[in-house]
Every structure is written in C-alpha cells, then in structure tokens.
Amino acid sequence: NAGVTQTPKFQVLKTGQSMTLQCAQDMNHNSMYWYRQDPGMGLRLIYYSASEGTTDKGEVPNGYNVSRLNKREFSLRLESAAPSQTSVYFCASGINYGYTFGSGTRLTVV
Amino acid sequence: RKEVEQDPGPFNVPEGATVAFNCTYSNSASQSFFWYRQDCRKEPKLLMSVYSSGNEDGRFTAQLNRASQYISLLIRDSKLSDSATYLCVVNTAYGGSQGNLIFGKGTKLSVKP
Numbered sequence: 003n004a005g006v007t008q009t010p011k012f013q014v015l016k017t018g019q020s021m022t023l024q025c026a027q028d029m030n031h032n033s034m035y036w037y038r039q040d041p042g043m044g045l046r047l048i049y050y051s052a053s054e055g056t057t058d059k060g061e062v063p064n065g066y067n068v069s070r071l072n073k074r075e076f077s078l079r080l081e082s083a084a085p086s087q088t089s090v091y092f093c094a095s096g097i098n099y100g101y102t103f104g105s106g107t108r109l110t111v112v
Numbered sequence: 209r210k211e212v213e214q215d216p217g218p219f220n221v222p223e224g225a226t227v228a229f230n231c232t233y234s235n236s237a238s239q240s241f242f243w244y245r246q247d248c249r250k251e252p253k254l255l256m257s258v259y260s261s262g263n264e265d266g267r268f269t270a271q272l273n274r275a276s277q278y279i280s281l282l283i284r285d286s287k288l289s290d291s292a293t294y295l296c297v298v299n300t301a302y303g304g305s306q307g308n309l310i311f312g313k314g315t316k317l318s319v320k321p
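As you go down the protein sequences, you meet chains A and B in turn. If you count by this note's numbering, then the first sequence holds residues 3 to 112, one letter each, in order. If you count by this note's numbering, then the second sequence holds residues 209 to 321, one letter each, in order.
A couple of the hints might just be wrong.
As the list claims (entries may be wrong) - Each computed SDA-like pair below joins lysine to any residue, with the alpha-carbon atoms no more than 25 Å apart:
| hint | chain 1 | residue 1 | chain 2 | residue 2 |
| --- | --- | --- | --- | --- |
| 1 | B | K253 | A | T102 |
| 2 | B | K320 | B | D285 |
| 3 | A | K59 | B | S234 |
| 4 | B | K210 | B | N308 |
| 5 | B | K250 | A | A26 |
| 6 | A | K11 | A | R108 |
| 7 | A | K73 | B | T300 |
| 8 | B | K253 | A | M43 |
| 9 | B | K210 | A | L47 |
Unchecked claim - In silico negatives: residues of chain B with every beta carbon more than 12 Å from chain A:
| hint | residue |
| --- | --- |
| 10 | G266 |
| 11 | S280 |
| 12 | L282 |
| 13 | D290 |
It should be emphasised that the hints constitute simulated quantities derived from the structure, not laboratory data. Glycine included, every Cβ here is placed at the ideal spot set by N, Cα and C.
Same shape as in the complex, but just chain B (with noise of 0.2 Å):
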C-alpha cells in the first residue's frame, strides 16, 4: 500500500461548484498533514494545515479523520483560479523530531467557466 494515496483526477467542475478531495495515508504514526497546491510547471506551495478538530481558510476547509487515516480538502464556491494540482501531505515527525514530508501524487482541478 502506497504511503499516501489520491485520486488523481481530473476533477473538472464549473465555476461556482463545491468540490471535495480525498486522501489516505498509511503510516499511523503521522503526526503532521498538510494540502499543497501545484500550478502547471511551479513548485508546489503550501496551500493549509490540517489539524485535528478541522480548519477552515476563506473558501478551503481541510478535515482529518485519524481513526480512519483520511484527510480531505473542500473548495466551496470554485474559481476558475482553484485550477490546480492539489497534493496531499504527511509527516511522521512528532514535537520537534525531525519527519520528512511525504507526498501524494495529486489530484487534478479544472474549473470550467
């Protein structure tokens, strides 16, 4: 089983619509999660952190279900700039040990006017 795991799409969605991504991870003792955001031929930048009793960020609203090892990301009210590679983050690290972050492979937004 991959360490962490996306469907990697496409979503494609008009303009306005609400969309969710999934994501699982396998590794149990993951400590820290994130949602990164890729644009077409850029360097991944970190979009949010998800945080154990959910996080909400303007229109971006990350969940995280430990006991079932799933994350997920919720984009209301879609714009046509949401059209991304949303990658799904994890790391083992705990308190100030050092973790490497471990990668999805991403799942793929379009908004469509």
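Isolated chain A, as found in the complex (with noise of 0.2 Å):
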C-alpha cells in the first residue's frame, strides 16, 4: 500500500520554466491538497480538491494551478517558475480526522 506518491523528489529549475508536480494516491480520499513548506512559514495549503472535478484555493495560490485528473491523481503546475517558489512542496489525501502526505518534492528555482 503505497498511501501517496509523489514525483519528482527533486528538480531544479530556471526562473521562467514550467513543470509539473504528480500526486496520487490509493486511499479511496475524495481530498487531495497541495502545500508549501518554506523555513519559518509552516505548511501553507496552495490548493485543494474535495471532490474529483473540483479545485479551491488555499492561502497562497498565487502563480500556481492544479488539476484534479480523476479519484487518484492531483497534480500542480507552476507556468512560470519564479525563485520565490523555491521550497519543498507536500501533497496530501484525507479527511477531517487527518491527512496522509507525500514524501515531498524539493524545487529550487534559480
């Protein structure tokens, strides 16, 4: 039971590329969320899926969107990478009694 994958671990990428980061899991999860972990801020939540075919914003969407592909699979995308977006980026399946997340994907943009 792999719970969430995520892929890639690691990427780096110069200011202005785009990429895509993959998340799937297999819990059954009808949520799925994308955050941010940078030194000193915490997670913050970018964007989240309650349902499959629905996406809300989180605290800081800004410069990112995501696609809720089906049941398993949510990814993100940054269109325009941007060095503020360096960080280590978690996503997450569950409920309101708690998450699973992902090992975790560390970007760096320079």
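Two chains, each in its own frame: build the complex with the hints.
Below you can see the structure in the form of structure tokens.
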C-alpha cells in the first residue's frame, strides 16, 4: 500500500520555466491537497480538491494551477517559475480526521 | 493573531525526561485537533488526534481545553527517537463538512543522550 506518491523528489528549474508536480493516492480519499513548506513559515495550503472535478484556492495560490485528473491524481503546475517558489512541496490526501502526506518535492528555482 | 501558534523551541532535553508542548488556536469554531510529527527533511505524519476528554497513546498524552483554546502534548520518558518537530493542527470541519487542516509552525524537540 503506497499511500500518497509524489514525483519528482527533486527538481531544479530556471526562472520562467514550467513544470508539473504529480501526486497520486491509493486510499480512495475524496480530498487531496497541495502544501508548500518554507523555513520559518510552516505548511501553507496552495490548493485543494474536495472531490473529483472540484478545486479551490488555499492560502497561497498565486503562481500555481492544479488539475484533479481523477479520484487518484492531483497535479500542481508552475507555469512560469520564480525564485520565490523555491520550497518543499507536499501533496496530501484525507479528510478531517487526518491527512496522509507524500514524501515531498524539493524544488529550487534559480 | 495567527490561527495556530506554537513555541518554536528548540526544546533540548535528556533521555528519560518529560517534556510538554503547548499550542493555542484562534478560531473558536475549530472542531478537530491533532498532533503531527515531522522528522528532518521528511513529510509530516499523524501522531495522534486530540479529544476533549484527553487521550493517551503509550508515552504520549494529548489534552484539549476548548474554553482557553489550548492544546497540549506531553511526552514521558523521552527517547532519542522522539527528536523531531511536532506540529499542532486544527480543523474547523464539523460532522461531514469539508474543512482544511491548519498547521502550526511546529516545535522542535531534541533529545540528548
């Protein structure tokens, strides 16, 4: 049972490049989430999807787009990466009694 | 006022010590409460839920005080393996409604031999 799988684990981008972070869960959860974690800032919600076909903005959505491809998959896209988007990104799934997180993507934008 | 506030630490304690972490939350409508553990460069993992009556899981005890909007985590007989960052987490979801978890910035614990 893999839980939540994120790819890639590491990525270096140049400013202005685009990329998509992939996330898949095998726990049959309706809700999925994307967070970023920066030193001293804690985990901040970027976007979430309460169910297949719906997405909503979180606390820090600017510069990102998401797609809930099906119940299992929720992707995060950076259309034009900026150095301010250097962070660790975590995907999670679950409902209000607790989330399961993926192992994270360490993204550096230079 | 931040939604979930924690003392960032670090708490440096010897093995075998008892250590307590506190957390306050600002939204009185918060309904669900948790402690997560995050090891260095790893993802957060659910440690335990926190109930109004208080709950215990081995060496770990969690307490909730709704009147004061305060959550605590007590770790007894600390082990080296307890070294991690502990995240206080709240959710305003009620019943079957959708809510999102709000994470505190975490309290760092370092247990020394």
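Against the structure, the hints:
Between K253(B) and T102(A) the alpha-carbon distance is near 7 Å, which keeps this suggested pair within the 25 Å criterion. For a cut-off of 25 Å, the pair hint linking K320(B) to D285(B) stands: about 12 Å separates their Cα positions. With a C-alpha separation of about 21 Å, the suggested pairing of K59(A) with S234(B) holds against the 25 Å cut-off. Distance check on the hinted pair: K210(B) and N308(B) sit about 16 Å apart at the alpha-carbon level, within 25 Å; holds.
About 18 Å separates the Cα atoms of K250(B) and A26(A), which keeps this hinted pair within 25 Å; it holds. Our distance criterion of 25 Å between C-alpha atoms is met by K11(A) and R108(A), whose separation comes to about 6 Å. Distance check on the hinted pair: K73(A) and T300(B) sit about 24 Å apart at the alpha-carbon level, within 25 Å; holds. A threshold of 25 Å between alpha carbons decides the hint, and for K253(B) with M43(A) the separation of about 18 Å falls inside it, so the pair holds.
Proposed proximity of K210(B) and L47(A) is supported: the alpha carbons are some 15 Å apart, at most 25 Å. The non-interface label for G266(B) is consistent with chain A: the shortest C-beta to C-beta separation is roughly 18 Å, beyond 12 Å. The claim that S280(B) is not at the interface with chain A holds, since no C-beta of that chain comes within 12 Å of its own (minimum 19 Å). Distance check for L282(B) against chain A: the nearest CB is about 20 Å away, which clears 12 Å, and the non-interface claim stands.
Once the 12 Å rule is applied to beta carbons, D290(B) is consistent with being away from chain A; the minimum gap is 20 Å.
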